[in-house]
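Participant: Go ahead and model the full structure; you've got the sequences and the hints to work with.
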Amino acid sequence: MIRPGDVFLLADNVGIAAFAITGMLTGIRHRLDIIGILTAGYLTAFGGGIMRDAMIGRIPYVFQDPVPSSVATISVLLVLAFYFIKKGRASRIEQSRITIFFDAIGLSSFSIAAALLAIDRNLNLFGVVWIAFITATGGGMVRDMLLNRVPKLLFTEFYGTISILIGLLLYLLSRYDLHRNEGVLIVIFVSGVLLRLAAYRWNWSLPVPDSSGTTDDRSEN
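By the numbering used here, the letter at position 185 of the sequence shown is numbered 185, and the numbering carries on one by one without gaps.
There is no bait here: all hints are sound.
Label-pair restraints from in silico Cβ distances:
| no. | residue 1 | residue 2 | range |
| --- | --- | --- | --- |
| 1 | 198 | 57 | 34 to 40 angstroms |
| 2 | 33 | 206 | 31 to 37 angstroms |
| 3 | 73 | 181 | 31 to 37 angstroms |
| 4 | 148 | 206 | 21 to 27 angstroms |
| 5 | 9 | 198 | 23 to 29 angstroms |
Everything labelled a hint here was simulated from the structure, so no lab data went into it. Heads up, the beta-carbon is just placed ideally off N, CA and C, and yes, glycines get one too.
Facilitator: Laid out in C-alpha coordinates, this is it:
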(Lines of atoms letter the chains of each structure in order from A and count residues from 1; the text may use other names and numbers.)
(Lines give C-alpha, C1' and ligand atoms only; values in the text may rest on other atoms or scores of the structure.)
Protein backbone atom coordinates (compact mmCIF):
# COMPACT_ATOMS: atom_id res chain seq x y z
CA MET A 1 0.00 0.00 0.00
CA ILE A 2 1.17 3.53 -0.70
CA ARG A 3 1.93 5.63 2.36
CA PRO A 4 2.81 9.34 2.49
CA GLY A 5 5.43 8.68 5.17
CA ASP A 6 6.74 6.48 7.92
CA VAL A 7 4.17 7.89 10.36
CA PHE A 8 1.38 6.14 8.47
CA LEU A 9 3.31 2.87 8.27
CA LEU A 10 3.76 2.97 12.04
CA ALA A 11 0.09 3.86 12.55
CA ASP A 12 -0.93 0.99 10.28
CA ASN A 13 1.06 -1.53 12.32
CA VAL A 14 -0.28 -0.13 15.59
CA GLY A 15 -3.79 -0.54 14.20
CA ILE A 16 -3.06 -4.12 13.12
CA ALA A 17 -1.92 -4.95 16.65
CA ALA A 18 -5.00 -3.34 18.22
CA PHE A 19 -7.42 -5.04 15.82
CA ALA A 20 -5.74 -8.43 16.33
CA ILE A 21 -5.91 -8.09 20.12
CA THR A 22 -9.58 -7.07 20.19
CA GLY A 23 -10.41 -9.96 17.86
CA MET A 24 -8.49 -12.38 20.07
CA LEU A 25 -10.28 -11.19 23.21
CA THR A 26 -13.63 -11.61 21.46
CA GLY A 27 -12.61 -15.19 20.74
CA ILE A 28 -11.75 -15.76 24.41
CA ARG A 29 -15.15 -14.43 25.51
CA HIS A 30 -16.82 -16.90 23.15
CA ARG A 31 -14.75 -19.75 24.62
CA LEU A 32 -12.94 -20.61 21.39
CA ASP A 33 -9.88 -22.84 21.37
CA ILE A 34 -6.41 -21.60 20.41
CA ILE A 35 -7.03 -21.96 16.66
CA GLY A 36 -10.37 -20.17 17.00
CA ILE A 37 -8.79 -17.36 19.01
CA LEU A 38 -6.04 -16.86 16.43
CA THR A 39 -8.62 -16.96 13.62
CA ALA A 40 -10.71 -14.27 15.34
CA GLY A 41 -7.60 -12.12 15.77
CA TYR A 42 -6.39 -12.50 12.19
CA LEU A 43 -9.85 -11.95 10.73
CA THR A 44 -10.25 -8.70 12.66
CA ALA A 45 -6.82 -7.43 11.64
CA PHE A 46 -6.76 -8.53 7.99
CA GLY A 47 -10.29 -9.39 6.88
CA GLY A 48 -11.09 -5.91 5.60
CA GLY A 49 -7.81 -5.57 3.70
CA ILE A 50 -8.22 -8.98 2.08
CA MET A 51 -11.75 -8.10 0.93
CA ARG A 52 -10.48 -4.78 -0.41
CA ASP A 53 -7.68 -6.42 -2.39
CA ALA A 54 -10.07 -9.03 -3.77
CA MET A 55 -12.40 -6.28 -4.99
CA ILE A 56 -9.64 -4.35 -6.76
CA GLY A 57 -8.06 -7.49 -8.20
CA ARG A 58 -4.68 -7.82 -6.52
CA ILE A 59 -2.95 -10.33 -4.25
CA PRO A 60 -3.70 -9.37 -0.63
CA TYR A 61 -0.98 -7.21 0.85
CA VAL A 62 -0.73 -9.39 3.97
CA PHE A 63 0.26 -12.38 1.79
CA GLN A 64 3.23 -10.49 0.33
CA ASP A 65 4.72 -8.50 3.20
CA PRO A 66 5.68 -10.52 6.32
CA VAL A 67 5.51 -7.52 8.66
CA PRO A 68 1.70 -7.25 9.15
CA SER A 69 1.24 -10.93 9.98
CA SER A 70 4.26 -10.83 12.30
CA VAL A 71 2.86 -7.81 14.14
CA ALA A 72 -0.53 -9.49 14.57
CA THR A 73 0.94 -12.81 15.69
CA ILE A 74 3.31 -11.29 18.24
CA SER A 75 0.55 -9.05 19.63
CA VAL A 76 -1.90 -11.92 20.01
CA LEU A 77 0.63 -14.29 21.59
CA LEU A 78 1.81 -11.68 24.10
CA VAL A 79 -1.71 -10.89 25.28
CA LEU A 80 -2.66 -14.57 25.23
CA ALA A 81 0.33 -15.34 27.46
CA PHE A 82 -0.76 -12.56 29.81
CA TYR A 83 -4.26 -14.03 29.88
CA PHE A 84 -3.01 -17.44 30.95
CA ILE A 85 -0.72 -15.91 33.57
CA LYS A 86 -3.34 -13.50 34.92
CA LYS A 87 -6.47 -15.41 33.99
CA GLY A 88 -9.61 -13.30 33.85
CA ARG A 89 -7.81 -9.97 33.82
CA ALA A 90 -6.85 -9.78 30.14
CA SER A 91 -10.45 -9.04 29.14
CA ARG A 92 -9.98 -5.60 30.66
CA ILE A 93 -7.50 -4.82 27.90
CA GLU A 94 -10.22 -4.71 25.23
CA GLN A 95 -12.02 -1.74 26.78
CA SER A 96 -8.94 -0.05 28.21
CA ARG A 97 -8.20 3.49 27.07
CA ILE A 98 -4.91 2.50 25.46
CA THR A 99 -6.56 -0.20 23.32
CA ILE A 100 -9.33 2.18 22.25
CA PHE A 101 -6.64 4.73 21.36
CA PHE A 102 -4.70 2.20 19.27
CA ASP A 103 -7.93 1.04 17.65
CA ALA A 104 -8.70 4.65 16.69
CA ILE A 105 -5.25 4.92 15.12
CA GLY A 106 -5.89 1.79 13.08
CA LEU A 107 -9.34 2.94 11.98
CA SER A 108 -8.03 6.27 10.71
CA SER A 109 -4.88 4.84 9.12
CA PHE A 110 -6.67 1.95 7.38
CA SER A 111 -9.35 4.29 6.04
CA ILE A 112 -6.82 6.76 4.63
CA ALA A 113 -4.60 4.11 3.03
CA ALA A 114 -7.60 2.37 1.47
CA ALA A 115 -9.13 5.58 0.13
CA LEU A 116 -5.81 6.60 -1.45
CA LEU A 117 -5.50 3.19 -3.07
CA ALA A 118 -9.04 3.44 -4.44
CA ILE A 119 -8.36 6.91 -5.82
CA ASP A 120 -5.21 5.62 -7.52
CA ARG A 121 -7.38 2.94 -9.16
CA ASN A 122 -9.65 5.70 -10.52
CA LEU A 123 -12.71 4.51 -8.62
CA ASN A 124 -15.72 6.79 -8.35
CA LEU A 125 -17.04 8.38 -5.16
CA PHE A 126 -18.98 5.31 -4.10
CA GLY A 127 -15.99 3.08 -4.82
CA VAL A 128 -13.59 5.19 -2.75
CA VAL A 129 -15.95 5.42 0.22
CA TRP A 130 -16.87 1.74 0.04
CA ILE A 131 -13.23 0.59 -0.12
CA ALA A 132 -12.33 2.80 2.86
CA PHE A 133 -15.29 1.48 4.85
CA ILE A 134 -14.70 -2.20 4.06
CA THR A 135 -10.97 -2.01 4.78
CA ALA A 136 -11.44 -0.41 8.19
CA THR A 137 -14.47 -2.40 9.35
CA GLY A 138 -14.74 -5.54 7.24
CA GLY A 139 -12.55 -7.70 9.46
CA GLY A 140 -14.62 -6.99 12.56
CA MET A 141 -17.86 -7.64 10.69
CA VAL A 142 -16.65 -10.99 9.34
CA ARG A 143 -15.48 -11.99 12.82
CA ASP A 144 -18.85 -11.11 14.35
CA MET A 145 -20.80 -13.00 11.69
CA LEU A 146 -18.53 -16.02 12.19
CA LEU A 147 -19.46 -15.87 15.88
CA ASN A 148 -23.17 -15.62 14.97
CA ARG A 149 -23.78 -12.07 16.18
CA VAL A 150 -24.81 -8.85 14.47
CA PRO A 151 -21.72 -6.63 14.06
CA LYS A 152 -21.88 -3.98 16.77
CA LEU A 153 -20.73 -1.22 14.44
CA LEU A 154 -24.02 -1.65 12.57
CA PHE A 155 -26.14 -0.60 15.51
CA THR A 156 -24.21 0.75 18.50
CA GLU A 157 -21.04 2.54 17.49
CA PHE A 158 -20.13 5.71 15.61
CA TYR A 159 -17.34 3.73 13.96
CA GLY A 160 -17.88 2.95 10.31
CA THR A 161 -19.18 6.50 9.88
CA ILE A 162 -15.66 7.80 10.49
CA SER A 163 -14.16 5.73 7.67
CA ILE A 164 -16.99 6.88 5.39
CA LEU A 165 -16.25 10.52 6.20
CA ILE A 166 -12.53 10.00 5.57
CA GLY A 167 -13.19 8.35 2.21
CA LEU A 168 -15.60 11.10 1.20
CA LEU A 169 -13.21 13.87 2.19
CA LEU A 170 -10.24 12.34 0.38
CA TYR A 171 -12.29 11.84 -2.77
CA LEU A 172 -13.33 15.49 -2.74
CA LEU A 173 -9.73 16.58 -2.13
CA SER A 174 -8.58 14.43 -5.05
CA ARG A 175 -10.70 16.59 -7.36
CA TYR A 176 -8.25 19.39 -6.53
CA ASP A 177 -5.17 17.15 -6.43
CA LEU A 178 -4.76 17.71 -2.69
CA HIS A 179 -5.20 14.11 -1.55
CA ARG A 180 -1.44 13.41 -1.51
CA ASN A 181 -0.43 16.47 0.49
CA GLU A 182 1.27 15.16 3.65
CA GLY A 183 0.05 18.05 5.76
CA VAL A 184 -3.54 17.46 4.68
CA LEU A 185 -3.24 13.72 5.31
CA ILE A 186 -1.86 14.24 8.80
CA VAL A 187 -4.74 16.60 9.65
CA ILE A 188 -7.26 14.03 8.38
CA PHE A 189 -5.51 11.25 10.28
CA VAL A 190 -5.46 13.14 13.59
CA SER A 191 -9.06 14.29 13.10
CA GLY A 192 -10.18 10.71 12.50
CA VAL A 193 -8.45 9.53 15.68
CA LEU A 194 -9.93 12.34 17.77
CA LEU A 195 -13.41 11.79 16.34
CA ARG A 196 -13.28 8.10 17.24
CA LEU A 197 -12.08 8.88 20.77
CA ALA A 198 -14.83 11.47 21.21
CA ALA A 199 -17.45 9.02 19.93
CA TYR A 200 -16.28 6.43 22.45
CA ARG A 201 -16.07 8.94 25.31
CA TRP A 202 -19.59 10.31 24.79
CA ASN A 203 -21.14 7.14 23.39
CA TRP A 204 -22.17 8.62 20.04
CA SER A 205 -24.21 6.55 17.63
CA LEU A 206 -26.39 7.09 14.58
CA PRO A 207 -30.19 7.23 15.01
CA VAL A 208 -31.93 3.86 15.08
CA PRO A 209 -35.52 3.58 13.73
CA ASP A 210 -38.15 2.78 16.34
CA SER A 211 -38.80 -0.95 16.27
CA SER A 212 -41.32 -1.20 19.10
CA GLY A 213 -43.09 -4.50 19.10
CA THR A 214 -40.37 -6.36 17.21
CA THR A 215 -37.95 -8.89 18.61
CA ASP A 216 -34.35 -7.80 19.09
CA ASP A 217 -32.21 -10.87 18.38
CA ARG A 218 -28.88 -9.07 18.38
CA SER A 219 -26.26 -10.78 20.48
CA GLU A 220 -24.47 -8.68 23.06
CA ASN A 221 -21.83 -11.32 23.77
